[in-house]
Each structure stands twice: as structure tokens, then as C-alpha cells.
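*Asks:* Each chain, letter by letter, is given below.
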Amino acid sequence: MPASDFILNDFTISDNTPVETHTLAVLVDNDPGVLARVIGLFSGRGYNIESLTVSATEQEKLLSRITIVTCGVPHVINQIRYQLERIVPVHCVVDLHVRARELGQDKPIQRELALVKVLAKGINRVDALRLAEAFNAKMVDATVEHFIFEVTGNSSKLDQFVSLMRPIGIVEICRTGVAAVNRGSKGM
Amino acid sequence: MKYDHTAAQPVYGREMSGAAIVVQALIDQGVKHIFGYPGGAVLPIFDEIYQQEKLQHILVRHEQAAGHAAEGYARATGKVGVLLVTSGPGATNAVTPLQDALIDSVPILCISGQVPTTLIGSDAFQEADTVGITRPCTKHNWLVKNVNDLSRIIHEAFHVARTGRPGPVLIDIPKDIQLASGFYVEPKFVSMGYRPQLVGETRAIDYAVDLLCAAKKPVIYSGGGVINSGAHAVRLLRELVHIGDFPITSTLMGLGAYPANGKNWLGMLGMHGTYEANMTMHDCDIMLAVGARFDDRITGCLDAFSPDAKIIHIDIDPSSINKNVRVNVPIVGDVAYVLEAMMYRLRGISSMQEPSARESWWQQINKWRERKSLAYHQKTNVIMPQYAIERLYTLTKKYNPYLTTEVGQHQMWTAQFFGFDEPCHWMTSGGLGTMGYGFPAAIGVQIARPDDLVICVAGDASIQMNIQELSTAIQHRARVKVFIMNNQYMGMVRQWQQLLYGNRLSHSYVEAMPDFVKLAEAYGAIGIQCTKPGELDDCIREMVACDKPVLFDCRVVNLENCFPMIPSGRAHNEMLLADEVTDDVMENAIDANDRSLV
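Note that the protein sequences, when read in sequence, are chains A and B. When we follow this note's numbering, the leftmost residue of the first sequence carries the number 2, and every step to the right adds one. When we follow this note's numbering, the leftmost residue of the second sequence carries the number 51, and every step to the right adds one.
A few of these clues could be false.
[Stated by the list, open to error] Taking lysine-lysine pairs in the DSSO-like style, the calculated list, with each CA pair at most 27 Å apart, reads:
hint	chain 1	residue 1	chain 2	residue 2
1	B	Lys360	B	Lys266
2	A	Lys158	A	Lys108
3	B	Lys598	B	Lys104
4	B	Lys195	A	Lys62
5	B	Lys82	B	Lys598
6	B	Lys360	A	Lys62
Simulated from the structure, these hints should not be mistaken for laboratory data.
Sequences and hints are given; from them, build the entire structure.
*Replies:* And the structure:
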């Protein structure tokens, strides 16, 4: 690749480009306060967080993985990545959407889990169960007047499930936020 | 992996108290002086300091001053400046210098005491969530929870502070950890995982050199990163300017990297930069930005910033690149490494433009220079502030003095009129604009350079933000010369009120100004007052000859303003020049829409 190509990567994008949603995978030291650093960066610099998931992933290396779904123009998303990399206990930051593009894929695999408590009596119970079946949702608790469904999928599937269940009678929703990895055999 | 966590369990080293570990670690890191103020939560460390002689403690009068003194010390020596403060108010008072050091990339280490581990979270006496408060204003910070981690954390903290883009770090040490017994680990046994990229990408460097060689209207825009990178980077920059005959301008933080008496020097750029520097930036075809971050005071209106330029940007911090201004050739790396590689390639090729190809560019630049944008009207009966700085420069340059400033008009006048020929001789609060910075910073410089002339150019308002440090200067025989440009106003605030707020001078006049001469005498320092241009030279000589701290009350004309100036929201080629400024221009310089731009 000639040097002149190198410079054109992400630097010619104008601010008129539309807002994109990207998922960032951030590997950090599993120390107290690291999450606060990451979140403080987002609030302090005015970046968006649409979803945030954190958990210790590689216990033996004392690492945690933070998955952040954020939106912004490409130039801002690049800034977020570089700003995150400045945080000392942050080991690496991968923009999974950019990585997917580099791998010739559409987008990363993204999954979310929701627990949805539905109030349903009489005729509504059949509707609720049918809907759950169509969405591959598991029933994890039930009485004669309610169900709790566990549903997994990408965020839009969960949105749709919730919006269809709502007329039947939703009492409570809990969602985990997005977990994401790229396709293929290579790690981040 | 950034940290080797296995190092957390030291199996070697001597056993000692946490407080002794702190002192030993500082000594092993080569620290000679620390600035601080005692209090309940750091008494064990102060007790250790009392019992040794390698580490000298400089007692300040306010923790903010300890931070700024550490900054001045760091910028004069290139070493990490250290301050020691107590918990709660001690730590919160240190927040301003931490943020100041963060934005100006100054390596300092703040050690703060904390209430005992068992009391954390109980709203104990002098408790504050120091790590939480300082998280956004440090490069990194640590709360020590195990005395066996203490020495490793201190060594890591020094490494993080001075490596890559330098910055402030803080270690919060609960009192029980200071008293507990643990093992001390020497620096050489601590593995440092934090390793920023130093070497620039070869293709980008090659391309940058090609662009520079082919440039018809080049300019180099250098910043504080060159100075932070060290003496070698400064030498390389000067060589680059010389062999390419490039015009060079610099930010406020970068003054001194290229000598002000050099023939390619255009003066400072930006809001109060020279006409020739800003016009050259605006019209250039190739811009080489070295260790500078395209601050809003530099760029003016972003849409009209150097419209025809291809921009090469060397910076050690990837997040500085493309942050405010989109650049064409980004080079992430340490300035010295990157310039070395550029020079290597430049020396190898001979396709540099013939000097004649840039003749018209230099002719144009010389025309801009002839505009003499720093000209001012001399007066016979009152001292013009610009004249005061010029005389100060002329009469002290043979001593190669260190200059610090507070923040305001006097700061800009010093940057414009004091010629800096060497790096690390100029300390000012650039990014944060901290009034109260200059005097304690000067004390820090004087502690590091006891035999040199250290001058703090101050304003009558700024100096009063940390005036109590006169006492520190007397106690530690820091014979700092404070040159107060006294115009009875917060001059820069007033200038903006004149430009933007219909000359309604809301609270920018300083009533009840103290008698600075008597004030100096009250502290045991020397006070000098000068009101007439004819007496100025003698008074400055008297100040320089004095071997005590001096407060120099230089009464300057009250209503002078700082020009040239790019009004906010305007481009580099829309400067206000002093001789064009009428009352009408002042009123209409900035329209209502741009007012919010600060």
C-alpha cells in the first residue's frame, strides 16, 4: 500500500456523514474504578452510551471485558476509541463494526438477553405463549396470572418482542445490554 | 498486557513501614525536593521525612501552590515534580494544579493521605473520595489498599507520569497503610507494562518528507510536545528548519524550541499571535504540526483554518490527531524519534526544493512582517506594558532567566515581547489558564535552579491568588523576582468586556489594591515601585541585583489592550491589529453569534 493510501483511511470523512452505531469491545484490568474511568470519559466528553455490558472474562489474566454500544459520526467514534486507549488500565479497544468491515463481514454478532414479566389471564395466555414460541422465548416462571419469559437475540428482536407483548400486559422488563464478538476464528 | 500483575506479590525487599516505603521510593526515583503541607492523614510520612536528609521538603502555604511549584520544578528540570498533601481539603486544593498539569502535559506526582481503610466511606473527618475526584484530572491514579503494593505503585506512577504524553498522577494512601509494615521493592524489580508508541510509522514519515520537499509554501507549527520530548528533539527541529529553510511559528507552550532570534522565526501564532505567523498559517500549502494539538486559541474559526494546506501532524497521543482539525498525514510517535527518522530520510535525498522556488513565499512572509503587528505607541509619562517587558528582556537576557507568568494580558505580552532562545525556560499555564500559577511555579523553578534568575511576570489580580507564597519564598530562600504589571484591572477580562459587552466593566476593576511594597516588606521581602519610564531600567537592575524575593510593582498605563487579536469565531486572516482598533471596531469585533465561543 503506498503511503498516499495510508493517509486516506478515516481522515477524509466530513462531519456531514450520518450518525452510525458502533459496538466497542474494551479489554481492561479487572481493578476497582476502571469502569468509572470508562464511564467518566463518556460523560465528561459528551459521548453517547446506548448499551453497556461489563464482566470479568479472563479470570487468570485478571481482565474484564466492557462492551459499549455507542453512536456518533465516524470521526467521533474514532476519537472515542483513541480516548479509551489513553486510559492506563485499558489494554485494547476494538471497534467491532470496523473490524467486521475489515474482515469482509456485514457486522459483528450481537446478542442481548431480556427477562420479560407479562400479566396474562384467560384468553391472553394463549396469545402470550404463541408469541413467545414465535420468538423462541423460554418460559422461566409462571402462575395462573403471569409469565416470565427469557428471550435472547439481537436488540431489535428484543424490541419487537417487547412491543408485541405490551398490549397483553407487561409488568417489568430487564435487559442485559449487548454482548458482541466478530465472526471467524480470530480473536480480538 | 499493560501490567504484570505477578509483580503484585513481592518476594524480595526489606521490610519497613508504609511511610518509610514512600520516602525510600522517592529517594530511589531520584527525587531531591518535594512540595507539600502536613495534616493528620500524612503525619507518618512527615515523620519519616523528618528523620532523613536526602529528601528536602518545601513547605508551602496552600496545597494549590505545592502543585504549581511541582509543575514549575518539572518543567525546569524535565523530572517528575512531587507534592505531598493531606486528605480531604489538602487533596481538593491540589485539584487545580492536577488539571493544569493534565492539560499542559506536565509530569507531576501527587501523594495524598487518606483516612484509614476501615473509615473510608464513613464520612470521616477530612475524608474525601480523592481518587474519585481526581480521576478525570489525572493521567492515572491509585488508592493503595495493601502496603505490599505500595512501592510497586509508586514506581509505576513515576513511569506513567513521565512516559508517553507526560501528565499528573496521584497516589492516595490511607493512614493505616502508612503505618503498616510491608516489603519494599526497588524500581528495577518492577516491570512497567505501560509502553506508548514512540516510533513513527515509516510510510507516513516518508510521505511527510516527500510533501515537505515539494512544498512551495511550507510552515512548521511547533508546540509543547517538542519541549517535552527533550533536548534532542529541540536540536532536530532546529536542524530541520535550517536545512529546509522553513518558516516556523510556535504555540504558547512551545516557545523556546526554536530561538526567537533565529531568522526563520515568525513569532507565536494564535489568538494573540503575530500577523506574520497567522497569515503564514492561513496561506501555507504544507503544514508540519509538531507536538501541538490544534487548540481553539490556535486555530480560530475551524472552517477557515488553513484552507489550502495539507497537514502533517506528529503527536505522541493518538487522540490528539484529528480531534479538532482533520489532518492528511498523521504520525503517532515521540517527536524526537519521528524527527530523527525524517532527518535521516531528508539527508539522504536531494530533491529538496531549490531555495528560489520558495523565494516568493519568503517575500510574502517578509511583507507580512513589515506590517509590524506588535507595534505600540510609546509614551513619555507612563510605562507601556509592552515597553516594560521589552526592557525586562533586554536587561535580563544575559542571565538566561527562567520566566513564569500568571494568566492574562501580561502573559500574552510576555509571550510576544520576551525572546525565548532556549527550551525549558518558559513556564506558563497554557491550557487551563490558571491565575495563581506563576508565582508558586517560579518558586518551584528557583528550588530546582537556585543560582539562576527566575522571574514571574504577574498581573495585579493574578498575583493575589497565591500571594501567601511570599512566605514560602522567604522561608526557603527562593529569591524569585515577581514583576507585577499593575494596571488596576483584570486586564484581559476588561478587554473582553470592551469587545463584547458594550464596555460595561462588570467587576473587572480591582478596588482596594494592596500596597505591594508594604506587602513585600511585611513578609520580609523587598518591594520596589516604578511609575515612570525613565526610572524603569534602574529599578529592574535593582530588582535583579537583589538576593531576596522581590515584589516589583510596575505601574503601567491602565487601559492598554493586548493586540493583535483574532476575535473568537474568526479566521487567521481576520486579525484585529492595534492601529486599526477604534472604539467602533472594538464594539463590533465579535458578533452576537460568536459570543458564546468564549
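*Asks:* Of the hints given before, which are not true for this structure?
*Replies:* 6
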